[in-house]
Amino acid sequence: MSIKESSEAIFSESPGKIALRTLRRDKRSIISLSILGFIIAISLLAPLYAHFVAHTDPFASSLDATTKIGGKVVPVLQPSTTGLGLGVTPIGPTWNPSSYFLGADGQGRDVMARLLFGGRNTLLIGTLAGIICIVLALLIGVVAGYRKGWVDAILSRLLDVIWAFPVYLLAISLSVVLLTSGLTVGFVHLGPGLLLSLFSLLVLSIFLTLHGQFAHRS
Amino acid sequence: MRRRSLVLTSILGAAALAASAFVGSASQAASGGMAPYDPAHAGGTIKLVAQAAAGSLDPKINYTGQYWELYQASYDGLLGFRYGDGQASFEIVPDLATALPIMSNGGKTLTFTLRSGIKFSNGQPVTVADVKASFERIFKVSSPTAGSFYNGIVGATACLSKPATCKLDQGVVVDPKTNKIVINLVAPDETITSKLAVPHAAINPANSPSKDAGTTPIPTTGAYMFKSYDPNKSLVMVRNPYFKEWSHDAQPQGYPDQIEYQFGVTPTAQVTAVENNQANWVYDPIPADRLNEIGTKYASQVHVNPLTAMWYLPMNVNIAPFNNVKARQAVNYAIDRAAMVKIFGGSQLAAPVCSFLPPNFPGHVDYCGYTKGATPDKPATAWSAPDLALAKQLVKDSGTAGQAVGIVVSDDDVNKQMGVYLQSVLNSIGYKATVKPISGNIQFTYIQNTKNKVQISVTQWYQDYPAASDFLNVLLGCASFTPNSDSSINMAGYCNKSFDAQMAKAMGLGITDPAAGNKLWGQLDQQVMKDAPVAVAFTPKQLDFVSSGTKNYHFSLQYKMFVDQLQTK
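Just so you know, the sequences run in chain order D and R. Position 176 of the first sequence, counted from 1, bears residue number 176 in our numbering, the numbering being contiguous throughout. In our numbering, each residue carries its 1-based index in the second sequence increased by 218.
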C-alpha cells in the first residue's frame, strides 16, 4: 500500500473508531476505566446488595441490632467495658458481606451498604454537574462564536474573570454568597436576591441574543 | 431550664424542701460549703469551649444552663443558692439581702433588707430602686418565667398584660432610708424563695434597657463581670473591680483572673483540646465515640453526676400532624428510649424514662403509659420496649400518615444523632421526616417561637428548683405559652385550662399539705401524658471532662460546675 493509500485509509476512519483504537492502546486508561466501571456497577447494585446480601436498610437506625461474629451474636453498638464504662462503640469491619462487611456507624447502620448508596449520589452529582457544564459551555460558546464582536468579547472576558479564580475557592465563595448574606465589596452590598437577579439577567441576555439571531436568520 | 444539673440522691419531701429553702444549718455549711478562699491559687485563665453560644446574655432573658452556670459568679439576687457540693448547694442563702426574708401575712409578705456598700461592676451603688426596677424589668422584657415564676407578685397580672408600662408599686415596696424591701404576693407560694434565687430575679441597674440587652453585657454585682461577648467567637469574663466578698456562701471570691468561653469548636475538637491542656473544660455532650477514650485514658479527669433532668421531644399541639393526640401518642410508643440512651453515651450516663417528673423528684411516680403492653390508662411501672405496631396503627387512625415532619435539633454531634434517629423512627411509622439541625446558639429560642412552625424538636430540661411545678407548670402551663415569642418555654403550645386549675390546686396544697400536693402532682403527670404534648426520652447524668491542669472541681446541685472556683495554679 502506498503512503497515499495508507493516509486515505486513516482519514477514512470515523473519529469514534480512532478514539477507541487509541484507548485500547493506553493501558492506564483501560485500567482506570475498568475501576470506574466497577464502581459504577457496584453503586448501581447498592439496593440489591442491601436487600439480598447485607439484609439491611441502610437508611433506618438500628441501634439495637445484632450480628454474628465468629459464631457469636454481638450487638453492633458495643457498650464500653473498660475504665469508667462510658460510651458505646460501633463494631468495626467483619469482612463478611452478609454481616456488616465494613462495620456499623453510630446509628447501627451497615457502613458498606451506605457507602454504596453514597456512591450512587456521588455519581449522580458528578454526572449532572458534567451535563450542566456541557450544556452551558455549548450555549455560551455557540453564542460567542456565532455573534462574534462585542458579544464574544464580553462573554470571553466574563469567563476569563470567572476562571481567574481557583475553582474550589470560587465554588466555596459562591455557595457562601448565594446561600447566606450576599456579597459586600467596600460600601456596596449585593444581597443574594440581587446576585440571583444578575445571574438571571446574564442568562436572559444570552437567550435574547440567541432569539435575536434566530429571528434575524428567519 | 435547659442544660442544667442537679444531684438528688433521695426523694425530697416537701418538708425537707421547705427546710432547705428557708434555713441553712451550720452543720450543713460545714459539710458542703466551699473551703476558705486561698489567694495562693488565684490567677490564670480558665478556658471553656463550646460548639455554640447560648443566645442573649441578658440575665432576665437567658434560660440556658450554659450561661446560668456563669451567672452564679456574676449576678446576684436578694437570695441565692449556696456555693457548695452535694445537698448544701440546694440551700437558699441570703445574697444581696442581709438575711432570709421575714415571712408574714400568712406567707404572702416577704420582708428583706438590702446590704449596704455593694456596687455594680460599673461603680454604681446597688440601691432598693434597682431592686424594684429589676422586678419590673422581668415583665418589661417578657422574661420566659414572668408568667410562671413571678405572676404571684401583686400587680404582676397587669404587668403581664401590658409589659411596657409595668409598675409593681404594690408588689415590690421599697424604702430607700431603711433599705427595706417588701414583696407582696397575691397568695402564699412555697417555692418563692427558690424563684427569687434564680438569675431571672437578679438585681440589675435601674437604668438597664427595657428590652432584651442581647450581646451587650449588663453590669454585674458578683465576683466577675462580662468584658466582651461575640456569639460567633467568644465570651470573656474578668474580675469585677468593685467586688468585695460579702458572703462566702452566696458569692465567694473566685480564683481565675479571667474566664474565656470560646465558641465554634466542635465537640470532638473540644475533647482533644482538653486532652492536650489547651482548654479546661468541655461544654457540649461528648460524642459517643470519644467516651470510651476519656473513660479509660483520662478517667481521673472525668466527673459524672446524676441529674434531675430530661431529654424530651416537644410536639407542637397546634399544627399538623401533632395537633392530633393519636399522632403524639404514636411518637411516644414508637421511640426506643434505650436506643436514645445509647446515642447519649450508654447506660452509665442515662436511663430511659417516660414520666414527666424525673426519678427521685418530688411528685414522681414510677409509671410508663407508652411501653409495649401498656396504655396511658393502664400504665406499666417502667419503660421496657417500643411498640411500633401500635404506633403505626395510631398514625393510620389519626389520618396523618404521609405528612411531612421537620425535626429541629441543635447542630452538635449528639443532638444531630438524636435527630437522625428520630427521623428514622418517624419514617418507620408513616411520616416523611427531615432533620433540621441549627446552631445551638438559637435552637432553644427558635423552637419556642410559634412563628417558626416547629412541629417537633429535641431538647432538654433541667430543674430550676426541686419542685414539681418547675417541670409541669413551667413547661406545660398556659402562662408559659406566649405565641410569636422566643420566650415561650411551653414549646408544645399546650394550654389546658382544666389542667392549669389542677396545677394551681397542687401548688396550694404544697403549702398546707405537702404530701397531698406531691401526690396530686404525680397524678397530674400521668394525666397530662395522656394528652402526650411531649415524649420524654431519658434522664441524663452530667459528665464534666476537665484538663489535667484543672484543680478544685466542685459540683453544685443547682448550677453544675462552679467555673469561678476552678484553679489553674
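Because the hints were derived from the structure by calculation, they are not lab data. No experiment lies behind these values; they were computed from the predicted model shown. Where hints are given, some of them may not hold.
In silico lysine to any residue, SDA-like type, Cα no more than 25 angstroms apart, as pairs [stated by the list, open to error]:
no. : chain 1 : residue 1 : chain 2 : residue 2
1   : R       : K614      : D       : A60
2   : R       : K654      : D       : G119
3   : R       : K671      : R       : K723
4   : R       : K634      : D       : P90
5   : R       : K515      : D       : T82
6   : R       : K380      : R       : K395
7   : R       : K654      : D       : L174
Here are some, though not all, of the chain R residues that point toward chain D, as calculated from beta-carbon distances under 8 angstroms [said to hold, decoys possible]:
no. : residue
8   : I512
9   : N523
10  : K560
11  : G563
12  : S565
13  : V638
14  : S642
15  : L727
Note that beta-carbon positions come from the ideal geometry of N, C-alpha and C, so glycine has one too.
query = Which of the stated hints cannot be reconciled with the structure, identified by number in ascending sequence?
reply = 3, 6, 9 and 15
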